[in-house]
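Top line first, the protein sequences correspond to chains A and B.
If you're matching positions, the first sequence starts at 399 in our numbering and goes up one per residue.
If you're matching positions, the second sequence starts at -17 in our numbering and goes up one per residue.
There may be inaccurate statements among the hints.
[As the list claims (entries may be wrong)] Not close to chain A: a few residues of chain B, all C-beta gaps over 10 Å, as computed:
#, residue
1, SER157
2, ASN196
3, SER200
[What the hints assert, rightly or not] Covered stretches of chain B, as calculated for chain A (at least 3 residues, CB under 8 Å):
#, stretch
4, 140 to 154
5, 162 to 170
Just so you know, the hints here were simulated from the structure itself, not pulled from any lab data.
Cβ atoms here follow ideal geometry from the backbone N, Cα and C, with glycine treated the same way.
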Amino acid sequence: MSNILLSARNLCAFYGATRVLHGLDFDIERGGVTAFLGANGAGKTSTLRALSGMIEMTGDVSFAGQRLRGSSTEKLAWLGIAHVPEGRGTFSRMTTEENLQLGAMTRGNRANISADISRVYGYFPKLRERARQQAGTMSGGEQQMLAIGRALMMRPRLMLLDEPSFGLAPIIVEEVYAILRKLNEDDGVSMLLVEQNATAALALAHHAYLIETGEIVLGGTAQEIGRDENVRRAYLGY
Amino acid sequence: MELLLHQVFAGLSTGGIYACMALSIVMIYQAIDQLNFAQGEMAMFSTFVAWQILQWGLPYWPTFFLTIALSFLGGIVIERVVFKPLKNAPALSHVVIFIAIFAILNSCAGFVWDFTIKSFPSPFGTQPLFGNGIISSHDAGMIGVTTVLLLLLYVFFRFTRVGLAMRATAENPESARLVGVRVGWMIALGWGMAAAIGAVAGMMIAPVVFLEPNMMLSILLYGFAGAVVGGLTSPFGAVVGGFSVGVIENLAGTFIPIVGRELKLTIALTLIVAVLTVRPSGLFGRVLVTRV
């Protein structure tokens, strides 16, 4: 079994006729956390959207030995790719519990599903308090936890996380990242993380890529990237 | 007093039909953001199919359920063949297609079964229930059937996984895809269910308004009124709106002398305009806020 869960070669992505990614090459390790860093508009979100079939893409992407090409978003979910989208994608008029149940849409066994809901509540005790509350009325941090919890309900092979720190207070960011670390270390959930908050992302990630205007300009282990002079000046601020 | 009660019950029984029409309009509106003008004609066509099967000699209740099943399939076929390819087309293309389906179903029904008025049997009979004039057995049966139908739908949407997936599709199709909901099929299912609900409404109202290709025209208007009063984004609101329109229409027709029978339909339109003016999202609808 190869240690590479997902590999992309010459990945390009389009919004209509406009090309926004210009041939990315990258690998995601099984059981690891890979971070994509970059400024606003660099193409981080587009990379995730391309990987889960939400925008047009070309190039070779293989996931767990299977070639992904033009697969629909829902089919990718069935393959085990759980995308926690930008803005969290909460079903805001439904309750927390219903949101979690929707996360288990790709799974058959009902007994396991309620066990998994309890497991998610174990990670996020606040969600248990909010089980019957309309998800749209919760705070940003709670909705981010719900989005991660919903992705966990899929028992994913790969989690795609789009700016989990976005719009959250620093203390909540810490809390969310602590849980992501726990999920990765204890449960071996592989993650592809996209962040503007480079400090938080590099502390969690094993590998990182720097992306600028739709191209990868730097890649390596998280330590290497963190030591890089330009990254430090531009993204870490020291 | 007896007249008042009679009118309220009569209003509730036709209101149930309006509620069904309103609900099927809302279901399709939720799925594709368009008002299905052809909803009434779909229901009318289903009712003709039922009439034909009855003519061939099948008893009422098997015909009833067979027609529901056929209409369900018909709704899915319409979505798959006509609307799925139009997924990304502008709103006007949808409107034109709705009008086309309206005209096609209407003239096909006229061509196959001609435009003469036919009577359609009621499974409940038309004698007064309990021997007094308050409610006829068909009115009571109509209320019963629509109540059972609405309860079944409530249970379906509230407690089943497919129902949950359909609600997710209506609320946030992109997120629904991300958790693996087959959004395209949920929309097709919504069409099937809307067609099936319409079939029930058509078969229930046909004994009252008689069967002919234009029978659903005014019913659809009342259905629209119900949907708008309740709010196009709220299935619950559509049901409440449908029942209210039925009762208001009957009471106004009886107790406001100037309205009488002739101006009854005007009430539906007045309600639509009034609600849209005062509360554009309807009584139970969500106010849509768009970030710009």
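Tested hints:
For SER157 of chain B, the shortest C-beta to C-beta distance to chain A comes to about 4 Å, within the 10 Å cut-off, and the non-interface label is violated. Non-interface call for ASN196 of chain B relative to chain A: holds, since the shortest CB-CB distance, roughly 38 Å, exceeds 10 Å. Every CB of chain A is more than 10 Å from the CB of SER200 of chain B (nearest about 33 Å), matching its label as outside the interface. Beta-carbon proximity to chain A at under 8 Å applies to 7 residues in the stretch 140 to 154 of chain B; the threshold of 3 is reached and the given coverage holds.
Counting residues of the stretch 162 to 170 of chain B whose CB lies closer than 8 Å to any CB of chain A gives 4, which reaches the minimum of 3, so the coverage claim holds.
Violated hint for the displayed structure: number 1, the only one.
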